[in-house]
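K.L.:
Below are the chains, spelled out letter by letter.
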Amino acid sequence: MRYEAPTTTKEAANLLAKAKGKAFVLAGGTDLLVRMKAGMLEPDLVVDIKRIPATRKVTKTASGFTIGASVSGAELGENKAVKKAWPGVVEATELIGSDQVQGRCTMVGNLCNASPAADSVPAMIAAGAKAAIVGPKGKRSVAVEKIVTGPGKTSLKKGEMIESISLPKGGAKIGDAYLRFIPRTEMDIAVCSAAVCLELGAKNVIKKATVVLGAVAPTAVTVPAAAKAIIGTKLDDDALDALAAACEAACNPIDDKRGTIEFRTEVAAVLARRAAKIAFERAGGK
Amino acid sequence: MSDNNQNTNFTNQEFKVVGSRPERPDGIDKVTGRALYGADTYAPGQLVGAILRSPHAHAKIKSIDTSKAEKLKGVKAVLTSKDLPDLVGGAGPNYDILVNCMARDRALYDGHAVAAVAAIDENTARKALKLIKVDYKILPHVTDVDEARKPNAPIVQPGTRTANVEPAPTKDSNIAARNQFGHGDVDEGFKQADVIIEKTYKTEQTHQGYIEPHACLASVGPDGSGELWVTTQGHYTFRTVCSTLLGLDIAKLKVTSSEIGGGFGGKTHVWMEPVALGLSRKANRPVKVVMSREEVFRASGPTASTSMDIKIGATRDGRITAATADLRYQGGPFPGMWGLLGAMTSFACYNLPNVKTVAWDILVNRPKVAAYRAPSAPMAAFGVESTMDLVADAIGMSPVDFRMLNAAREGTRASYGPTYGPIGILPTLEAVKNHPHMTAPLGPNQGRGMACGFWFNFGGQTATDLNISTDGTVNLTIGTVDVGGSRASMSLIAAEELGISYDEIKCNIGDTNSLGHNDTTEGSRGTFSSGMATIFAARQAIDVMRERAAQKWEIPVEEVEWKDGEAHAVGVHHSNLIPLSLKEIAKASPRTGGPIAGHNETVADNAGVSFASHICDVEVDPETGSTRVIRYTVVQDAGKAIHPQYVEGQFQGAAAQGIGWALNEEYIYGEDGRLQNAGFLDYRIPVCSDLPFIDTKILEIPNPDHPYGVRGVGETSIVPPLAAIGSAVSNAVGVRMDHVPMSPPRIRAALKAQAASEKAVSAG
Chain Y
287 MRYEAPTTTK EAANLLAKAK GKAFVLAGGT DLLVRMKAGM LEPDLVVDIK
337 RIPATRKVTK TASGFTIGAS VSGAELGENK AVKKAWPGVV EATELIGSDQ
387 VQGRCTMVGN LCNASPAADS VPAMIAAGAK AAIVGPKGKR SVAVEKIVTG
437 PGKTSLKKGE MIESISLPKG GAKIGDAYLR FIPRTEMDIA VCSAAVCLEL
487 GAKNVIKKAT VVLGAVAPTA VTVPAAAKAI IGTKLDDDAL DALAAACEAA
537 CNPIDDKRGT IEFRTEVAAV LARRAAKIAF ERAGGK
Chain E
4 MSDNNQNTNF TNQEFKVVGS RPERPDGIDK VTGRALYGAD TYAPGQLVGA
54 ILRSPHAHAK IKSIDTSKAE KLKGVKAVLT SKDLPDLVGG AGPNYDILVN
104 CMARDRALYD GHAVAAVAAI DENTARKALK LIKVDYKILP HVTDVDEARK
154 PNAPIVQPGT RTANVEPAPT KDSNIAARNQ FGHGDVDEGF KQADVIIEKT
204 YKTEQTHQGY IEPHACLASV GPDGSGELWV TTQGHYTFRT VCSTLLGLDI
254 AKLKVTSSEI GGGFGGKTHV WMEPVALGLS RKANRPVKVV MSREEVFRAS
304 GPTASTSMDI KIGATRDGRI TAATADLRYQ GGPFPGMWGL LGAMTSFACY
354 NLPNVKTVAW DILVNRPKVA AYRAPSAPMA AFGVESTMDL VADAIGMSPV
404 DFRMLNAARE GTRASYGPTY GPIGILPTLE AVKNHPHMTA PLGPNQGRGM
454 ACGFWFNFGG QTATDLNIST DGTVNLTIGT VDVGGSRASM SLIAAEELGI
504 SYDEIKCNIG DTNSLGHNDT TEGSRGTFSS GMATIFAARQ AIDVMRERAA
554 QKWEIPVEEV EWKDGEAHAV GVHHSNLIPL SLKEIAKASP RTGGPIAGHN
604 ETVADNAGVS FASHICDVEV DPETGSTRVI RYTVVQDAGK AIHPQYVEGQ
654 FQGAAAQGIG WALNEEYIYG EDGRLQNAGF LDYRIPVCSD LPFIDTKILE
704 IPNPDHPYGV RGVGETSIVP PLAAIGSAVS NAVGVRMDHV PMSPPRIRAA
754 LKAQAASEKA VSAG
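Just so you know, the sequences run in chain order Y and E. Here the numbering used here is used: the first residue of the first sequence is 287, the next is one more, and so on. Here the numbering used here is used: the first residue of the second sequence is 4, the next is one more, and so on.
Since the hints were derived computationally from the structure, they do not count as laboratory data. Please note that the accuracy of each hint is not assured.
Straight-line alpha carbon distances no greater than 25 Å define the calculated DSS-like cross-link-like pairs of lysine-lysine that follow [as the list claims (entries may be wrong)]: (1) K439(Y) with K336(Y); (2) K443(Y) with K306(Y); (3) K74(E) with K85(E); (4) K308(Y) with K444(Y); (5) K308(Y) with K133(E); (6) K140(E) with K65(E); (7) K346(Y) with K366(Y); (8) K130(E) with K65(E); (9) K443(Y) with K432(Y); (10) K755(E) with K323(Y); (11) K285(E) with K76(E); (12) K439(Y) with K459(Y); (13) K543(Y) with K370(Y); (14) K323(Y) with K76(E); (15) K308(Y) with K130(E); (16) K130(E) with K323(Y); (17) K336(Y) with K296(Y); (18) K306(Y) with K133(E); (19) K509(E) with K436(E); (20) K543(Y) with K514(Y); (21) K543(Y) with K590(E); (22) K444(Y) with K306(Y); (23) K205(E) with K543(Y); (24) K296(Y) with K432(Y); (25) K514(Y) with K455(Y); (26) K306(Y) with K130(E); (27) K563(Y) with K493(Y); (28) K296(Y) with K439(Y); (29) K133(E) with K323(Y).
Throw the hints in and build the complete structure from the sequences for me.
P.N.:
This is the structure we're talking about:
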C-alpha cells in the first residue's frame, strides 16, 4: 500500500487519477481506517489530504461559508459564525461518532462515505450546500444531493475529490434543524433522520422550505411535497400533519437490524415534524 | 465441616477497618495503563495466532485443505481438529468444549472455529487464513428457541434424546433435558385462587459485553510442560480443562491470570485457549491469540435466549395459592444447565404453598452459551415479576405490598428445595416501600416499576497463603481472580484480623503453581470464599506469632492473646510484660523459628443466598418508542459489606447491565443463521449518557455461615431490572411488554397494537 500526503488539491487529484488499483482519500480516517483495520478494505493507494491548506480552513465568503474537506466536526463546532447561520448543519455534523471521533471526522468524509444514514448529509442538502470538486479536468461545483448515488457510491469520477463544502449566507429569517433517531443517546448511527430548512416571509409565514430525510432510502431523500405542505403556513397542526404524511409517503426504507420499515417510516415523519418546529423557531417564527 | 467454620458471634462484631472505603490497590495501575491485561505480555519468538471461523450456521465440513497456508512464508503452524485428538471419550462436557474450540465434522454456528494458524505476524496470519480452503455442505439450521422445539426442526446434535423424561424418548430432538422443581399441588392451589394470570414471555440473547476481548499467550515446550497467560475468571479451571483436552499433566501447565477487563461469567469458560496451546505445541514457539470484538460476539459465550409461560394464582386478599413456570432456554449447540437454573431461581423470592417449575434445555445453531451474571435468573424473573405485577393489579394491591405479603422468610421452603435461614427479601421490600424514590412525583409519559431478584451465591474450593515479611508488611496470596475489587476487600480483612493497616497488606492473585486449586471466580464467591480463607490464614499466622511471643516470654502460649496488632500476655502475673507488636515479632522471626505464615485450604460452604429489590422510573417517548431510565434505586442484602463502595459498584454495574438487556441489547440473526450485529455499534450496551446515577442501599442481614456474615453481592442485582423496567413502561404508557429487549420498534408496535384494540373496542 502506498501512502501519499500532497500539499495541493491538484497534486492530490493527479495522484488519484493516475492510481492503479484501489485508491482512497484520507481525511479524518474515521471510516477508512476502521475498515482497513477490520480487513474490509485493502487500498493500494491512500491520499492524505490533511496537508492541503485549502482543506483545513473555514472561510467566510461574500456568498456564505466555505468549509474545507479536512475540517473536523469539533473544529466546525467551534466556529461561531457557521453555527449561528446553520445550527442544524453544525449539530448534524457534531452528532457523528463520539467525542474522540469528532476530533477527526469531517463533513466531506461523511458525504463521500455515502452511507444512507450519514448525519451531516440531510442537513447539508436542506441548507442548499454545494461541493467544490477538484479533478484532472479542473474544478466544478455540484449540489450536495447530487454526490451520493447509492449506499457506498458517489458520482465522483476517477481522480476527483471534494475540496470543500460551501453553504449560503443564511439570514435572520432562515432556520434549519436536524434530528435523528438512535436507540442510545450517543455513539450510534441514525435509524432514521430528518433535516428541515425554512425561510419566513411577511408575518412569519413560511416562504421557502426544504425537507430532507435520512436512512429511509438508499440515499437522503428530499421531500418536495413535505415542503409544499408547510409553505404558506405558520406551521399549524394541519400543516404539520400534511408534512408528516408527505414524509411517510416518501420513505422507502429497509428492514434491518437497526429498525423495521414501519418504524423508520413513522419515526422519520415524527422527526420531520419536530425538526420543522425547531427550524421555524430558529427562523424567528412563533 | 472443619472447625474453621465455627459460628462466630458476628452480629455484635465491631470492625476497625472492615466497612471502610480505601482506594483499591490495583486502581492506579489500571488508570495509568501499567496494569497488564490478557493482550499485554510478550515472549521471545512469539507468534500470532488467528482462527478461521465458519460463515455458516450449520454445515458439514467435507474437507479442509491447509496446504497453501502451510506453504506461505512466515506460517509456523496450521491447526485443525486433527491436531486436537479426542482424549475425553467422545461425549460429555469436556468433549463439548473440545468440539466448541475447533469444529470436527460439522460447523455448529456462525463463527464456529474450523482451523487456526500461527505466523510471524498478524498480516501473514490473516493471509494464511484466506489460503485455507474449507469444503462445506450447508445443512438446515435453527436459531430460535421456539422454532427449535418444533417436531420438524433441523436437528442440531443428532443423537440428542431429552434427559429426565419418562418414558425415554425414542426420537432425536433439540430438547436436551427437562428439569422440574417445586412442591405442593399446583392444580389444587389454582382452584383456591380468585385471580389467575397466565402469560407468555420471550427474552432475546445477550452478551456480557466485557470491554477486554479474550486474549492469551500460550507456550508449550517439547517436554510437555507449558505456560498460559490469559484473561480469565478461573485460571485453575482453565488449567484443568486445557490439560485434559491437550493431554498435559495438570501440574506441568502453569496458568497465570492477567488483569481482567470484565468477565461477568463469560470468562469462566475456555474458548480459544486450547487452540493457542495446540498451535504453540505444533510450532514449538509461544503463540499469542487475541480475539477481535466480532469474534467475541460470534464465538464466545453469550447468555440464553428464552421463552416461557408463567402462571400465578392468588386470593382476593393477596395470598398466592399456586404458581407455575414452563421455561425454554437455548444453550447454543450443547446441553447446559441454563434451563435448570431458570427453574430453580424463578420463584425463589416467595413463600409458596404450591409451586412447580419445569425447564427445557434447547439446542440451536448459536454460540455455546456461558454464564452471565446470575445466569438464567434475569429471564425467569422478567416473566415472574411481570406476572406478579399483573396479579397485584388484578386484586388491587400495590406491587410492593403484594410481594411483602408473599415474600419468603426464615423457615420458608424455597421453590427449589432447601429451607431458608435468615434472608433479606422482606427487609429489601420494606426498604423499597419506605424509600423516598417510591413517592417522588412523576411527569408526563413517566412511570415507575419495582421488582425483586434472587441469586444463590456459591462458595467452593479455596486456598490462600499469607506471608509476613521481616518488616511487618504482609503478602496475601489468593487464588480467586479479582473481578470486582476483591484485592481491596481481602486486604481489609487481613488488616482487620492482624490488627495492622490496610496499606501494609499486598494482596496478589497467585498463579496455578503457587496455591492449591481455587474454583473459578463465579457465583459471587470471591469475597465470600477467599475472604473466609484469608480470615483463617491470618488467624493461623497469629497463632504462630503468639507462639513466638510465648517463646520469648517463656510463658504458655495459652497465656498470649492477639489484640490490635500486638501479642499481649494475659493475666496479672504477666502484667510487667510489654506487648510485642507484629513488626517486632516479624523482625525477630529469622532467629525465632523462621518465616511466619498462615495458610488455609477449604471448601467454603453455605455462601448465603442474596435478594434485591429495585425501583425504576422511565420516560417513554410514545411517538418513537424510545425509553430512558431517569431514576434507579437498588436495595440489596450484602450480608456484611467489607468494602461498601465496591459493593455499591457491584449493585450499580449489575443494574446497568440489566438496563441494557431490558432496553436494547440483543443478538440479531438473519434468515441465513448468521449474526447480524457482532459489534458494539449495533449490539447496544448502554453508554454513560444512557444511564442515570444508580442509587444504592446496602442492607446487612448477616450470613451465619461466614465469620463476618458476608454474602456474595456481584450478581443478584442483574435479576430485577428487566421486570422493573417492564413495569415502569407499563405504568408510563400503558403497554405491558412481554418481549425483551423493549427496543423502540417493539414499544412502538405494542403501543399501536393497543391503540388499534382500543379503537376496535370503542367501535364495537
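K.L.:
Checking against the hints above, which ones are violated?
P.N.:
Result: hints 10, 12, 13, 19, 20, 21 break, sorted rising.
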